[in-house]
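Chains as they are written, first to last, in my numbering: chain A, 1 to 365; chain B, 1001 to 1271.
The hints are simulated quantities; they were obtained by calculation from the structure and are not laboratory data.
The structure displayed is predicted, hence computed values, not measured ones.
Virtual Cβ for every residue (Gly too), placed ideally from N, Cα, C.
One or more of the hints may lead you astray.
As the list claims (entries may be wrong) - Taking lysine to any residue pairs in the SDA-like style, the calculated list, with each CA pair at most 20 angstroms apart, reads:
{"id": "1", "chain 1": "A", "residue 1": "K105", "chain 2": "B", "residue 2": "F1177"}
{"id": "2", "chain 1": "A", "residue 1": "K105", "chain 2": "B", "residue 2": "T1181"}
{"id": "3", "chain 1": "A", "residue 1": "K156", "chain 2": "B", "residue 2": "E1164"}
Claimed, not checked - In silico contact screen, one side only, chain A against chain B (beta carbon under 10 angstroms); selected entries:
{"id": "4", "residue": "Q10"}
{"id": "5", "residue": "R15"}
{"id": "6", "residue": "M82"}
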Amino acid sequence: MAIDNFLSIQGVSKRFGGTLAVNNVSLDIARGEFFSLLGPSGCGKTTLMRMIGGFAMPDSGIVAIDGADVTALPPNARPTNMVFQSYAIFPHLNIADNIGYGLRKLKLSAAEREKRIAASLAMIKLEGFGQRRANELSGGERQRVALARALIMQPKVLLLDEPLGALDKRLREAMQIELRELQRRLGITFVFVTHDQDEALSMSDRVGVMSKGKLLQVDKPKALYERPGSREVASFIGTMNFFEGRVLEAAADSLTIETKEISRVAAKPNGARAFAVGDRVLVAIRPEKLSVSSTPASVNSVQGRLHAVSYLGDHHLLQIIVDGIREPFIVLAPSDGKGLDENAMPDSAVWVSWPADGAIILPAA
Amino acid sequence: MEKKHGGIGLMIYAIAYLTFLYVPVLFLPLFSFNDSLFVAFPLKGFTTKWYAQMFEDEAMHRAFWNTLRVGFAAALASTALALPAAKALTLNRMRGGNVLIGFANIPLFVPEIVLGISLLILMTAAKVPLSLISVTVGHTLFCIPFALAVLMSRFEGFDRSLEEASLDLGESGWMTFWRVTFPIVFPGVVASLLLTFLVSFDDFMVAFFLCGTDTTLPVFIWGELRFPFKLPGVLALGAAILIGSCILVAFAEWVRRLGTTGSGPASFGHA
Ligand SMILES: Nc1ncnc2c1ncn2[C@@H]1O[C@H](COP(=O)(O)OP(=O)(O)OP(=O)(O)O)[C@@H](O)[C@H]1O
Ligand SMILES: [Mg+2]
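Okay, chain B solo, but in the shape it has when bound:
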């Protein structure tokens, strides 16, 4: 009896927790379909005009396109930089690896505003004009710990003798990487690309300091908030981003786990 009681308590806690976590988020899509300029109850009526209005906005298009480009570049750069590091840290048990992981993780613990300002100072000192390039550099730095975490988890349990077998069969280290290592960790690479893309896509603070006049989507949204009549449109945009992000995260997690359960082979990357 007592055990069951505890179970109910835990259930109530879980429901309360999830409610607290997600209900505020659900207001976003809710009000984005509300036929009123004011975000307040009672709801007036159903409309999709805010979506239509937002998606016709030229400035939004430009910001969205900027964000995509920065996201792709930062995802590629951070994943490409993290891949050899993750391999060295797991497979080759590099000396001083923990120190390196610690340094790579610093951007996770430094307040974003501090990170943004430091990068701004750095870019100014280096005379890099504020543009999408400076945002990409900042985002790459910021994304590396995420890429490293995803890739290292994929490298755990990688049998070193697979690489040795390839060398033994006459391949060079480089070809071994392409014919054996990369195909086997490929799901991890995809997951890392998706996750770092999202991290870059969602970032406001670093982009805010570094983007100059090339606004990214979060910076654009921030600007739009100054105009009360644009608020419902911002809600519509936010709702669309929210759903897109959820789908991408779920997909990334699914890919990351591919072929790690049981002894099943990865179904990717036939070399």
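Just chain A, same shape as in the assembly:
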């Protein structure tokens, strides 16, 4: 998908008293894209989304949708609709009137209104629920009503603020698939806020990772996982082992890194970033790129002590303590016994190793 700027956010900032909730964020989202904003609690996701919806005014910057500057428009004049985290179903109206709430302005005939509401109820598979009240629905059903009430307005951009946060795990996973399927079918641009990285990675075309008001990186899910651009992103997306070092030799397709604990680490430069001899770097390795054996491997091996083993079905999660490195190495080893002797005891000496292209080299902060 070509990245055009259907929804364009340019240099947007928002301050609340002493906190800079959103710090100079620029972002372009394509028409029909499923875009997720991912970040820890309090990083400014909701604030950024509220500025797209018109519920908050940016202190500076521009929000444009489909070529029109909407920065100064109130929510009722924007081609956006929102699914609120609390769902905000009107308690004094039944489900049909909730879904049809926004249709009043369109001055439809009663029959047309009924027809659209019925179609909407069918879309969310709640036919026959029209006369019920919100408190007579389950959490998942309410979530769908909130979705239908927003979608009936045919918005150019649908904003969803942690819409699945209140659901239990099973229902959440089912709704993830339903939502994604619905979005593909309707072709509406979705901006989806979540702090659940699995949710963001599995549903989205692209993900923007936020931290402390800043947008750190925007990328496709696979790229974010395989080529995080900073330690913050790398540690927020999945599990990562880190240690620091210094570049000893730098060639076009290989790096040698010297570390205190492991004499020499062979690595490949990844991404567009170039390193020079002497640069301080951070070596980041995914748990599944590490392997464990009782003898050292030919490259990138370090000796440690097996600290803990937990069984995860088809994998074992191992914690290995290496002298001088604060955090134990986390290793994900297949349970078929290839990686590790089945009877390895805690405290036994083991070797942890990884291939030269298994590590991600980041600039040290």
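Since chain A is already given, all that's left is putting chain B with the ligands on it; use the hints.
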């Protein structure tokens, strides 16, 4: 054992308290049915003639009608003024809200006689003739703190995102108020109307200073007390007001609580 003992002590205290509070009030209906001009034991016999006598009194009719009109107007005015204030103070967390609440509550703490005299001076200075209008203005001022308290308690726990959702779905702020906010706080509005009506209905002091020749019921009663032979009739009127007030208060409290318990929706105001 000891716990039970404490329980009995508390029970005795509660009974004594309620007796002290309500027995004097119960003398009112009791003597209103007593077939004697004198309010004294022993009771003479049962009669309803005092009620009949009172309800045929033309002056009483006029005073009652005046009180109703002032009560309706003051209830409407104070509730209408308090509604946006209560919303601003709770939903929008207005800056300096506590100061505003403090000022609005002043009429509760100023002695009524002081309030009455100040209003009288104000009306005279402003050349407002003393009439039902001046009473209504005084009562509105006096009723606002009550309306504010009832409405604010209704606004507590109102989910702001309901209003945002309405704006998001294309409605203006004004239509959002009528289609979402007002129906949801409607029970509070009814409770406020009932309560402020009662506060106005029962007020003597402010009405006494401001009513001029248009007497309200409490002022009328005060005037009647000069004539000893009218005392039983006044008791009959008092008893009727007492029972009416109790019913209205109970109803107001019931309405105020509608839809606030649990997640049940308010059963009012289908927009
Ligand atoms: N109306 C407000 N007034 C003052 N501070 C606010 C307001 N709204 C948000 N903040 C602050 O701005 C920061 C970002 O808040 P925001 O709600 O955008 O975070 P979030 O990423 O959505 O978090 P969560 O995942 O917990 O919902 C927080 O520090 C928050 O305390
Ligand atoms: Mg949030």
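How the hints compare with the structure:
no.: 1; hint: A:K105 / B:F1177; in the structure: 16 angstroms, holds
no.: 2; hint: A:K105 / B:T1181; in the structure: 18 angstroms, holds
no.: 3; hint: A:K156 / B:E1164; in the structure: 18 angstroms, holds
no.: 4; hint: Q10; in the structure: 23 angstroms, violated
no.: 5; hint: R15; in the structure: 17 angstroms, violated
no.: 6; hint: M82; in the structure: 5 angstroms, holds
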